[in-house]
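Trainee: Each chain is listed here by its residues.
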Amino acid sequence: MSETVRLDRVEEITLDRVRHVALLARLELGEEEAVRFSRELTGIMTHINKLGELDLEGVEPTSHAIPTANVFREDTARPGLSNDEGLANAPEKDEGCFKVPQII
Amino acid sequence: MSFPTAHDLIARLEAGETTARQAAEASLATIERQNPQLNALLAVTAEQALADADAADARRQAGKPLSRLDGVPIAVKDNMCTRGVPTTCASRILENFRPPYDATAVRKLREAGAVLLGKANLDEFAMGSSNEFSAFGPARNPWNPECVPGGSSGGSAVAVASGMVPWSLGSDTGGSIRQPASFCGVVGMKPTYGRVSRYGLVAFASSLDQIGPFAQTVEDAALLLETIAGHDPLDSTSSTVDVPKYSETVRNGSLKGLKIGRPVEFFDVQGVDPEVTAALNAALDKAASEGAEIIDVHMPIATEYAVSAYYIIAAAEASSNLARYDGAHYGFRAPDTADIVEMFSKSRAQGFGAEVKRRIMLGTFVLSAETFDAYYVRAQKARTLIQRDYREALEKVDVIAAPTAPTAAFPLGSKLEDPVQMYLADIFTLSLNLAGYCGLSLPVGRTSAGLPIGLQLFGGAFEETRLLQAAWQVEQVVK
Chain R
95 MSETVRLDRV EEITLDRVRH VALLARLELG EEEAVRFSRE LTGIMTHINK
145 LGELDLEGVE PTSHAIPTAN VFREDTARPG LSNDEGLANA PEKDEGCFKV
195 PQII
Chain B
2 MSFPTAHDLI ARLEAGETTA RQAAEASLAT IERQNPQLNA LLAVTAEQAL
52 ADADAADARR QAGKPLSRLD GVPIAVKDNM CTRGVPTTCA SRILENFRPP
102 YDATAVRKLR EAGAVLLGKA NLDEFAMGSS NEFSAFGPAR NPWNPECVPG
152 GSSGGSAVAV ASGMVPWSLG SDTGGSIRQP ASFCGVVGMK PTYGRVSRYG
202 LVAFASSLDQ IGPFAQTVED AALLLETIAG HDPLDSTSST VDVPKYSETV
252 RNGSLKGLKI GRPVEFFDVQ GVDPEVTAAL NAALDKAASE GAEIIDVHMP
302 IATEYAVSAY YIIAAAEASS NLARYDGAHY GFRAPDTADI VEMFSKSRAQ
352 GFGAEVKRRI MLGTFVLSAE TFDAYYVRAQ KARTLIQRDY REALEKVDVI
402 AAPTAPTAAF PLGSKLEDPV QMYLADIFTL SLNLAGYCGL SLPVGRTSAG
452 LPIGLQLFGG AFEETRLLQA AWQVEQVVK
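Protein sequence lines correspond, in order, to chains R and B.
The first sequence begins at 95 in my numbering and counts up by one.
The second sequence begins at 2 in my numbering and counts up by one.
Hints are supplied without guarantee of correctness; some may be wrong.
Pulled a few chain R residues facing chain B out of the computed Cβ check, cut under 7 Å [unchecked claim]:
| no. | residue |
| --- | --- |
| 1 | A119 |
| 2 | E122 |
| 3 | A128 |
| 4 | V129 |
| 5 | H141 |
| 6 | L148 |
| 7 | E151 |
| 8 | V165 |
| 9 | L175 |
| 10 | P195 |
| 11 | I198 |
Hints were generated in silico from the structure; no laboratory data involved.
Fair warning: this is a prediction, and the values are worked out from it, not measured in the lab.
The beta-carbon is built from N, C-alpha and C at its ideal position, and this holds for glycine as well.
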């Protein structure tokens with residue numbers, strides 16, 4: 095897959111690409127906004143393409159700077175939020191549940 | 002501008018010369034006078050603060066203060082959860098959000114008796130370098146209200162620099178404590194990743210975020226850090242490394258023989274204001290005349306590639322973390338949507354501001370299948386090399402000195418139209434978060450226009466004791 099993107103040239107983030115990414119991000123964009131993002135993201139990626147200069151052959155990726163190991167806690171019951179507390183910030187609720195528009 | 006430090010206030014509380022109530026009232030009076038112009042605090046918790054102050058006075062009267070800082074006022078950046086008190090992240094999407102719990106750092110403050118005065122302004126979701134991306138208007142720089150205070154923790158810096166509170170908490174993902182500290186002429190510290198629990202800190206980039214102190218002095222920062230640091234079962238990335246009493250040893254260092262690294266490439270970056278360079282060199286000269294050894298070190302990758310690696314990694318993590326704002330469980334929901342996907346897309350479109358959307362778009366783009374290896378994995382590999390730059394430099398020296406920002410505070414509006422220029426304002430701070438190590442900014446001078454200039458010091462992982470000692474020494478020689 096990495097073949098599809100080359101860092102030795104500037105890739106234009108086209109309007110179609112912007113619309114596709116916005117769909118993935120669940121972000122409704124107006125026409126003007128999409129045009130602006132196409133321009134701005136292209137500008138940002140042009141700068142970011144600098145990474146293409148680095149020789150990264152054999153370098154391990156770092157996801158966390160400070161080494162961490164997975165931590166398991168004891169599987170014991172402890173008090174959590176009550177139903178009322180959990181729903182206190184809900185935009186809409188009904189019968190102790192979060193209410194949302196129709197899904198299916 | 003100079004105001005009583007937290008240590009001054011503690012000494013007066015201990016001597017019975019003042020009360021927590023008087024301290025809270027003085028803070029509230031300053032807030033009332035200054036906040037309408039400076040917009041440092043988004044919420045002021047006056048009533049609760051006075052009640053908490055009275056309780057602190059009663060404890061001290063009974064000879065049972067909770068800690069040394071029982072009754073001392075504080076402000077907290079508005080991306081840390083405060084039970085029942087609005088926590089907005091300066092975003093419309095969380096405008097009416099009242100968390101059902103306290104962040105661990107906030108809980109520790111309460112357990113120490115600190116009196117929460119208010120929630121500090123920030124760039125929306127801590128994304129920005131000027132505080133101009135706050136949905137509730139920018140905070141302004143107390144040294145010149147036409148200039149930005151820096152960001153994203155602008156409000157926390159302004160609250161200290163204008164005397165509203167003696168100290169405050171911010172969060173630093175790519176410089177968001179150190180850069181506003183530099184712009185506002187106060188001390189601001191990013192601890193080592195994992196030193197302070199992130200539980201209840203609204204996530205921006207989880208592998209980079211860290212809570213830290215703002216204060217007027219290094220000694221105050223040391224005391225505040227030891228109060229909030231430590232392992233927390235609620236944050237599995239918080240470290241089990243013991244927390245030393247930083248405040249008790251902060252004066253024990255010496256400039257004699259202290260090795261201060263000077264990263265040659267940092268000082269060669271184009272666009273650094275000559276007044277900034279001059280102030281830094283003057284500070285280092287003073288340290289050298291007291292016996293410090295200034296040693297050239299090389300950090301080429303941390304200088305040249307940090308901005309690129311950072312904006313890929315931070316945006317990627319942000320796009321994932323901010324997926325939770327969907328209008329379903331809490332926060333803003335767009336009205337009158339036909340189905341749930343439209344509810345998600347419209348709530349997010351109307352709830353997020355421009356910079357947050359830009360980063361979500363950038364992050365989603367670099368994480369998408371076609372680009373993942375080319376950008377995200379590449380940035381993670383660059384991160385390895387950036388950390389190596391730090392590690393190798395710190396093998397040769399005790400601490401590293403660098404500019405905090407290329408310039409002093411810039412005018413409001415001057416970088417708003419160009420995201421890349423705004424991102425470059427963080428060129429000297431971003432790499433530290435990628436490396437995970439600790440660092441701080443302390444004021445060392447002012448420009449001819451009277452704006453503060455900060456010097457940044459870096460230390461190794463969990464080397465806060467040594468970093469604070471070195472900073473205290475430098476603070477004394479530049480006074």
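Trainee: Against each hint, give a clear statement of whether it holds in the structure.
Mentor: Hints and how they fare:
no. : hint : in the structure
1   : A119 : holds, 4 Å
2   : E122 : holds, 4 Å
3   : A128 : violated, 10 Å
4   : V129 : violated, 13 Å
5   : H141 : holds, 5 Å
6   : L148 : holds, 6 Å
7   : E151 : violated, 9 Å
8   : V165 : holds, 4 Å
9   : L175 : holds, 6 Å
10  : P195 : holds, 5 Å
11  : I198 : violated, 9 Å
Hint check: violations occur at hints 3, 4, 7 and 11; the rest are consistent with the structure.
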